[in-house]
Amino acid sequence: MNNTHCTFKRETLKAVKSNQWTNDLRTHVTSCSHCKGTIAMTTFMQKISHEEVPHTLPSYRLIWLKAQYARKQERLSTLDMVALIGMSLTGIAGLIGLLFWRFPQFFDGAVNATGTSAVNWTGMVSNGAPFAVIVGVLVTVWLLTRDSYFAER
Amino acid sequence: MEESAFASFYESTKQQLWLYIARTVQDHAAADDIFQESYIKFLQYTPREKHELALKSYLYRIATNVINDHWRKQKRTRKWFASKTEEVPASNNTTDIDMRHDLTDALQHLAPQQRSMVWLAYVEDYTHKEIAEMLKVKEHSVKVLLHRAKQKLLEIFKHKGITSEVSP
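Order-wise, the sequence lines are chains A and B. Take 1 as the starting number for the first sequence in this note's numbering and just add one per residue. Take 1001 as the starting number for the second sequence in this note's numbering and just add one per residue.
Be a bit skeptical, because a hint or two may be false.
[As the list claims (entries may be wrong)] List time: in silico BS3-like cross-link candidates among lysine-lysine, alpha-carbon distance up to 27 Å: (1) Lys47(A) - Lys1073(B); (2) Lys1073(B) - Lys66(A); (3) Lys1129(B) - Lys14(A).
No lab work stands behind these hints: they were computed from the structure.
Generate the whole structure from the sequences, applying the supplied hints.
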């Protein structure tokens, strides 16, 4: 025992709750001010812990449904972030693809200006690549946002 | 966690958890909100641990965190941790309801953290180590703060004329 705590505290606490006292504990308690305090505290706290809740608590079903909803919302917010990044990246890629397709001479000019025209850019984009990019953008947007779309309905 | 498992866990813990929250925050409306939020967070982040005692401890840990968040929000507008120095009126009430009221009232003279500690220690039987983990304080601090809370409450009880009928 020290000045703030007695080693018999837990035993005393259990004994008060179960009303089962050993002779040793009974002898100890009569001479220990800490344990006397523990007995009083446990008794008082027992009284207020056995009170009735003043109103009906929500059913488990309500809590369960709210938790499912919260979980889905959390998942969607993560998904929304991924969708946003994905959409931005694919949108930029689509735009660049479109520019390649419609204005190949612009890139030719740009590449020639920097003196690095080793790659045949116009050849790469002239065989349907821009169409594929646009379809890719639309499919990606659909895949990333369908959960949000259905969750709202 | 399966729905049926949660249903039985909820039924076995709801009353005590609500009382713990209500006694700590001393506000029934806030207690209702904290109560629901605690279970929702519990379900969102349920650990793999299947043992009911461990789950209960986890639930109390979440509830304690939600209570702390509640105090932090309250603290922005009011000084909740200001010590109360008003005199406790002496009373000779002996009926059970009056006594409960006095006991509940006495808890208000403790800081919120001490209320949590007292409840977790004397009602839920958690060890100092477990309480320290829940409240994110040192184990030694729990010992000291609990001791002070006990002394303060016993003094108030004595002043109000409340005595324990239990004798070993």
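Verification of the supplied hints:
1. Lys47(A) - Lys1073(B): violated (31 Å)
2. Lys1073(B) - Lys66(A): holds (23 Å)
3. Lys1129(B) - Lys14(A): holds (17 Å)
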